[in-house]
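S.K.: Chains as they are written, first to last, in my numbering: chain X, 6 to 458; chain H, 6 to 458; chain W, 6 to 458; chain S, 6 to 458.
If you are wondering where the hints come from, they were derived from the structure by calculation, not from laboratory data.
Certain hints may be false.
Since the list gives no way to pick one copy over another, a pair counts as held whenever it fits inside one copy or between any two copies.
Unchecked claim - Below, simulated DMTMM-like cross-link-like pairs (lysine to aspartate or glutamate); rule was C-alpha separation at most 20 Å, straight line: (1) K360 / E268; (2) K360 / D432; (3) K452 / D410; (4) K452 / E228; (5) K452 / D148; (6) K453 / E228; (7) K453 / D148; (8) K452 / E134; (9) K453 / E134; (10) K452 / D188; (11) K453 / D141; (12) K453 / D39; (13) K453 / D72; (14) K452 / E212; (15) K452 / D141; (16) K453 / D441; (17) K453 / D423; (18) K452 / D441; (19) K453 / D188; (20) K360 / E69.
Number of protein chains: 4
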Amino acid sequence: MSERGGGGPFDGILARGGVAEQVSDVAWVRAMLDVESALAAARSRTGSIEPAAATAIALACHAEDLDIATLGLDAAATGNPVVPLDRALTAAIGDATVAGQVHRGATSQDVLDTAAMLVAHRALAPLLEDLVAAADAAAALADAHRGTLMAGRTLLQQALPITFGLKAAGWMTALDASAIRLDAIRTTRLAVQLGGATGTLASLGEEGIAVLGAFAQELGLAEPTLAWHADRTRVGELAGALGVAAGAIGKVARDVILLAQTEVGEVHEGTPGRGGSSTLPHKRNPIAAVSAVACAERAPGLVASLLASMVQEHERAAGSWHAEWRPFGDLLETVGSAAAWLRDCLGHLEVDAAKMRSNLDLTGGLLLAERITTALSPSLGRLGAHELVEAATRDVPAAGRSFRDALAARPEIAAHLDADEIDRLLDPAGYLGSADAFIERALGRRKKGPGSP
Amino acid sequence: MSERGGGGPFDGILARGGVAEQVSDVAWVRAMLDVESALAAARSRTGSIEPAAATAIALACHAEDLDIATLGLDAAATGNPVVPLDRALTAAIGDATVAGQVHRGATSQDVLDTAAMLVAHRALAPLLEDLVAAADAAAALADAHRGTLMAGRTLLQQALPITFGLKAAGWMTALDASAIRLDAIRTTRLAVQLGGATGTLASLGEEGIAVLGAFAQELGLAEPTLAWHADRTRVGELAGALGVAAGAIGKVARDVILLAQTEVGEVHEGTPGRGGSSTLPHKRNPIAAVSAVACAERAPGLVASLLASMVQEHERAAGSWHAEWRPFGDLLETVGSAAAWLRDCLGHLEVDAAKMRSNLDLTGGLLLAERITTALSPSLGRLGAHELVEAATRDVPAAGRSFRDALAARPEIAAHLDADEIDRLLDPAGYLGSADAFIERALGRRKKGPGSP
Amino acid sequence: MSERGGGGPFDGILARGGVAEQVSDVAWVRAMLDVESALAAARSRTGSIEPAAATAIALACHAEDLDIATLGLDAAATGNPVVPLDRALTAAIGDATVAGQVHRGATSQDVLDTAAMLVAHRALAPLLEDLVAAADAAAALADAHRGTLMAGRTLLQQALPITFGLKAAGWMTALDASAIRLDAIRTTRLAVQLGGATGTLASLGEEGIAVLGAFAQELGLAEPTLAWHADRTRVGELAGALGVAAGAIGKVARDVILLAQTEVGEVHEGTPGRGGSSTLPHKRNPIAAVSAVACAERAPGLVASLLASMVQEHERAAGSWHAEWRPFGDLLETVGSAAAWLRDCLGHLEVDAAKMRSNLDLTGGLLLAERITTALSPSLGRLGAHELVEAATRDVPAAGRSFRDALAARPEIAAHLDADEIDRLLDPAGYLGSADAFIERALGRRKKGPGSP
Amino acid sequence: MSERGGGGPFDGILARGGVAEQVSDVAWVRAMLDVESALAAARSRTGSIEPAAATAIALACHAEDLDIATLGLDAAATGNPVVPLDRALTAAIGDATVAGQVHRGATSQDVLDTAAMLVAHRALAPLLEDLVAAADAAAALADAHRGTLMAGRTLLQQALPITFGLKAAGWMTALDASAIRLDAIRTTRLAVQLGGATGTLASLGEEGIAVLGAFAQELGLAEPTLAWHADRTRVGELAGALGVAAGAIGKVARDVILLAQTEVGEVHEGTPGRGGSSTLPHKRNPIAAVSAVACAERAPGLVASLLASMVQEHERAAGSWHAEWRPFGDLLETVGSAAAWLRDCLGHLEVDAAKMRSNLDLTGGLLLAERITTALSPSLGRLGAHELVEAATRDVPAAGRSFRDALAARPEIAAHLDADEIDRLLDPAGYLGSADAFIERALGRRKKGPGSP
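Input sequences plus hints: build the corresponding full structure.
M.R.: Shown next, in the form of structure tokens:
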């Protein structure tokens, strides 16, 4: 048994994509070491230590050399893993003067919080890549299927016709919205932490703020106005944005699962070599969509944990800070995995336009009843039209007629609409409203880049 | 028994401030009517109905005339309250042609979603006012108490000295960060909803997008690229931001409660006429802070509900949409109530600087041991200095000495630090690092307005 | 605007059934008054006050006479509504000596906690009635449809045949399990609260425990070993059990929604006068199931809130107790509403056995491929059989054959299975395993009553 | 990098105690193999396979031989790790006939669900041991400190005197209640899963139910009435009970943290070699309590996830089942870790009775004001007595008097109470009500064993 970060029996499903590696045990330790190294470099920049000392510290900061399991166990004595990490780091540096500079000015939480921000910064790269790629795939579907007719469904009942392009455009805008927000957080809200034991940077004397600025530059993270040891708005915002991304992904994936049902059959996942059932050869399980739903579904509980842990006492908290560590990495991992699955799913989606059309025709035109009513309203009044059309819909099952024939068979209707007109009105392609215009502007705005409404 | 929105036995505590009224039953119905009215106005602007018809519809849209309880009960037949609302509205309009224009083009969810956005827009006004006022109060405390020494506490143990100003500045930045985000959502992400049954605006023919634009302008909400019936990123983002605000408020309120403990006694809530105990006359309960914590604590679960409900099927969902209604209003209400309580709490906070100082002296200078070690390190080496100082700290309880005397009594220490120097080093006012500079730049950036890092 | 408890625009959907009335504002106040009355009666039983005084107090305890809204507002001054309630109660009693006995011995939390337990006790009655009635309806469906063949579905793909009876039996056992647990909590874990300010019952002198026992008897609630002001295991257990009931209900309701899809059409909700769409006459929306899902979906977040609030400080908490009030009632209400909807849904469910059968035949027998493999395995080896059958399944789409013909057309298969045997093996009615036996024992154990495994 | 289950940098804090090992990656795989082995043994018992075949399968079931990381990756192709596990298992068995019997009758979810129940059964053993040991420690404190006076605190303000024994008894009853429920679930609700693809056990022909019974006996788990693939009440009940345990643990741990505050100082954690701060030598961080709070705080979000995932479609779900895997293990681990920390904390708790007493005296007797009022009421009327006493309390800060002197200085009071009587009334030891009786019966009932109210 050893550290987290790959290798478990569920990881192929629940830890897909590039995020898992960025939140692994090794990645956390590497981030902590990068922080210690950057702190020394920052102090070298401000002139408080020799460049050679910073270099020596940087050279000692190798995650590979550390026994992470021992470090984790030793964390129990002091309440966090930074203390034993620094002990190991100090021991690795021969020169006592240099060793004495390790971690100077910082408290353990400075290192761990900054490491968490680094972990998030690194994990969001593959996460956003997968999320945007999934949105790209949705955009391509929207573009390719502007004219692919299908039933729009509300409460899982067929309602009015749409195009698959419109549905895919809706997937795209939701995924894009969540990616835009995550990207903004990555750029502006992931900040270094440096305050010393109580946020004053007392042990750095006069140079505290200068070191803080240099430290942020070293790591490419934002510089906070103050130490945020007990102000967890950054963590909460990241959590919220990840929760929104999970919701957007889950929505798309569930749509795919529903469209792939045996009785619906409008889409299939086409990834080679996946989804077959060993004992049920006819099944084509939508594994990618199912896995995306599974990963996304974990998010709300993890977000709730992180938000609940925001209530942190005084200068540094008594438990709620430690409570963040696991959900922080888990949330990144599960949303990253969901994004990776959805990218796979949408990138290989097989669309059965003929099945979409035949499903749309299942109700024999009843979906267009509203349109017939509207066409009759000028002559018969809205209420009168409504009643007549509704009566015709009841004839369909009762008299075994098609809706077209049921309409034509009623003289009050036939007086106003001849058979050709009825056929025209029952053609779903003619009742799509602004579907195409919506797709057009959604794709157009996307090309202009993020930030468009 | 009648509708929600004030009047319950818990409302004085859990529904404080101006938000509760904006999320009441009446407010929801008023918002729905405003939406129907705006839709008619928008269609009048695009020329599809006569201005007089829009005016007649607007005149009929009076929440006061509706029996909300009946409307609510009737909602059970169709699954939402808009159908009976429109029935009532239609009945209230004499002219059948005009009545026939009510709700045209929209589906029930268009009305309810837009109403929800209106409700949020209106509720965020008092919420942000209270939140910013609480931040203002924190800023005033930060400014007034730059020099007020107190113990910084980590894990609820005294650690290093800080100033109360620095603590209040941290409160301020957390509250501001959450307010900035909520304000941005209010301005850019609260959008009208208009798509018709399946998002195509089919029944509006060619004019769909024009009506959508006019509709957004009528209501002062953003215009979405597409219908977002099943894309709940807007709801999720709002929920996340409210959850973050709750966390920021809860943190400040818990600090106040802890500082107000009988044994700590560093602050008291000074609101006249509140907090006394009828049977325990010595008690000064920090009611405002306690109530703020209570209200904030409900948020994470409500956020989780809203995020979980984002997974909505196809064009309009089968349950998850309805599941939003209560937590949407409840989350606004409880965060609004928390903000109102915190404003009250901080606005009347009595700070006992003398008690802060005497608590800081409780450990007889032990808090400054780090500083002594640092001062001795050049002469004795870091490790040697550390061991000597630690030994001196053990003398304090063992030998019944003050830390000052324990230090002076050790010749190895006295050789390097005379009594005056020890006194100087043990003065907490001299070991505040960048505390003042941090306060300065936090207040300075605040004056420049939101958006500063 | 006035108090909670009926009348809102969403209540027809989100507050269905008998629970809403039991958790209304009036119900809470009534419960508090019942508690004050019972406390006086208990003290009369132990001889510390005159029976006449207890009677006078009981007579004054009328919720109707109280202005709940004012009481709620006044709660803000002391942090809970019991103080103003007692003030009103005292004022309503002419005799000062008697008035002085009101609330004696108790702290506000004693009254409110005991009222909460009463509210839960009363609310669980209609909730359990609806839940058990829903299970009864599921049992009737299980019994009636033992032989109704349908496709079993996994990952929303058809897998192997089942009977609708087996599916309904699974619904029944889940609903029963959740009802059994709720009933056990109702009987054994809902307890009175009586401890005075810090749990010692100091102001009751020697008679504390005797009054506690009498108080529990008066109210028909359990007697706790100790005051549980800050031990919220009872609240947490109730919350957990309600969350489980919500999950069980949500599962059944979602199954109904899926079976009612336009393309599946195996069940319909048959409640008269509900589910029609005014503009889409062909739609039969499964309103009851959709509403049940909506109500159930709120539960996990509310449970999380109540569990998070269990961490209550010292003898009585600073916020987390107040944080319970809303989710406590909301959780009862939403699960009660879900149960009422499900009872309605299952009680009126129309089952289309023919559609179930035709859907089962959609894959032309492919669902039974496993059975063919098993039949061929003795002759051809498992692997050989598997490969042959899989090849035959691929012939179905490729060669446009039925599975039956595809099997018969392969000589290696025909050598071992003749046409009749193939027909027999492809008959889903012959491949139901223990379905009937499972139904039998589930119904049998149910008759024996709760507690069976 | 390799599998979960020990070794991470946070594990010393977040994965303490014996549970972590029972929910590790290896433990999951071992449990799956135990399930496959037990299934073969069960089929041997019912006579459908040779005992030798069952033995051969059992011999092949060695977790050590498997490459878990590869197995996890391969799970992505089929959506769960059982398929590659069975492939490996089959490959490990030389005899093709025997190999063909592996997994016969079961579907992947049968194996994984039963493995989850085994994992829970095994993990609950150390969890319950730690939880009961923590309750034992609380019981010992209750017994030892029946007479140790301290301030009872409400809203973190001193209220009335209690004994530390009473506080510890309240800790004990909360911990015991949560342990009793977890133990009941372990014994009666953790059941095997066996249903085949759709719950009919079709491929086992007539012997399905017999195999199910034998399978349950083999594993020492309960036998369910039906397959529960999509009835997750067992999982939900376990989750709820773990959430309650977390709440009970968190409450106790937070009390310890509050009592250990520098300014309160009534308890200290006495575990040797822990809690020191390298840079702040005076600090005695309550690491165990802090870590227990951290671990407990994760629970509500995880419970919410598991409850939300209960809504599983049809015979086997499309995502919500997979969504259970991580929170299932994580919840066991974090509650187990919390219990282990609390056991450590309470087992080494140092109680400073003198500090408790001096804190109780901080308000100079004001805590007993209620008692003075009660003593004066017969003579002066309740209202008159109340006003006089309140006036005296105001003299304390105003006139710089002790409360005793302030009382004696008022002639209206002195007329009824002489100095000795005032002293007697102000002695907190005399105003403990039923504290001792409560402790007595709590300890007494505990000795009689679980199940007492």
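S.K.: All hints, please: hold or fail.
M.R.: Hint-by-hint comparison with the structure:
1. Proximity of K360 to E268 under the C-alpha cut-off of 20 Å is found in both arrangements, the shortest distances being 10 Å within a copy and 11 Å between copies.
2. Taking the shortest Cα distances, K360 and D432 sit within 20 Å of each other inside one copy (17 Å), while across copies they are farther apart (27 Å).
3. For the homomeric pair K452 and D410, neither the shortest alpha-carbon distance inside one copy (46 Å) nor that between copies (52 Å) is at most 20 Å.
4. In this assembly of identical chains, K452 and E228 lie within 20 Å of each other by CA distance solely across copies; the values are 18 Å between and 32 Å within a copy.
5. For a Cα distance limit of 20 Å, the shortest separation of K452 from D148 inside one copy, 12 Å, qualifies, whereas the shortest one across copies, 48 Å, does not.
6. Within a single copy, K453 and E228 get their C-alpha atoms only as close as 30 Å, which misses the 20 Å cut-off; across copies the closest is 17 Å, which meets it.
7. In this homomeric assembly, K453 and D148 come within 20 Å of each other (Cα to Cα) only inside a single copy, at 16 Å, whereas the closest approach across copies is 45 Å.
8. For the identical chains of this complex, K452 and E134 are intra-copy neighbours only, at 17 Å inside a copy versus 38 Å across copies, given an alpha-carbon limit of 20 Å.
9. For a Cα distance limit of 20 Å, the shortest separation of K453 from E134 inside one copy, 18 Å, qualifies, whereas the shortest one across copies, 35 Å, does not.
10. In this assembly of identical chains, the alpha carbons of K452 and D188 lie at most 20 Å apart only when taken from the same copy (17 Å versus 27 Å across copies).
11. Taking the shortest alpha-carbon separations for K453 and D141, only the intra-copy value of 14 Å comes in at or below 20 Å, while the best inter-copy value is 39 Å.
12. Taking the shortest alpha-carbon separations for K453 and D39, neither the intra-copy value of 37 Å nor the inter-copy value of 34 Å comes in at or below 20 Å.
13. For the identical chains of this complex, K453 and D72 are neighbours neither inside a copy (49 Å) nor across copies (48 Å), given an alpha-carbon limit of 20 Å.
14. Neither within a single protomer nor between protomers do K452 and E212 lie at most 20 Å apart by alpha-carbon distance, with minima of 46 Å and 25 Å respectively.
15. Taking the closest pair of Cα atoms, K452 and D141 come within 20 Å of each other only inside a single copy of the chain (11 Å); across copies the shortest separation is 42 Å, beyond that limit.
16. Taking the closest pair of Cα atoms, K453 and D441 come within 20 Å of each other only inside a single copy of the chain (19 Å); across copies the shortest separation is 45 Å, beyond that limit.
17. Proximity of K453 to D423 under the C-alpha cut-off of 20 Å is found in neither arrangement, the shortest distances being 47 Å within a copy and 66 Å between copies.
18. Within a single copy, K452 and D441 get their C-alpha atoms as close as 17 Å, which meets the 20 Å cut-off; across copies the closest is 48 Å, which misses it.
19. For the identical chains of this complex, K453 and D188 are intra-copy neighbours only, at 16 Å inside a copy versus 25 Å across copies, given an alpha-carbon limit of 20 Å.
20. Neither within a single protomer nor between protomers do K360 and E69 lie at most 20 Å apart by alpha-carbon distance, with minima of 55 Å and 49 Å respectively.
This entry does not satisfy hints 3, 12, 13, 14, 17 and 20, going by the numbered hints stated previously.
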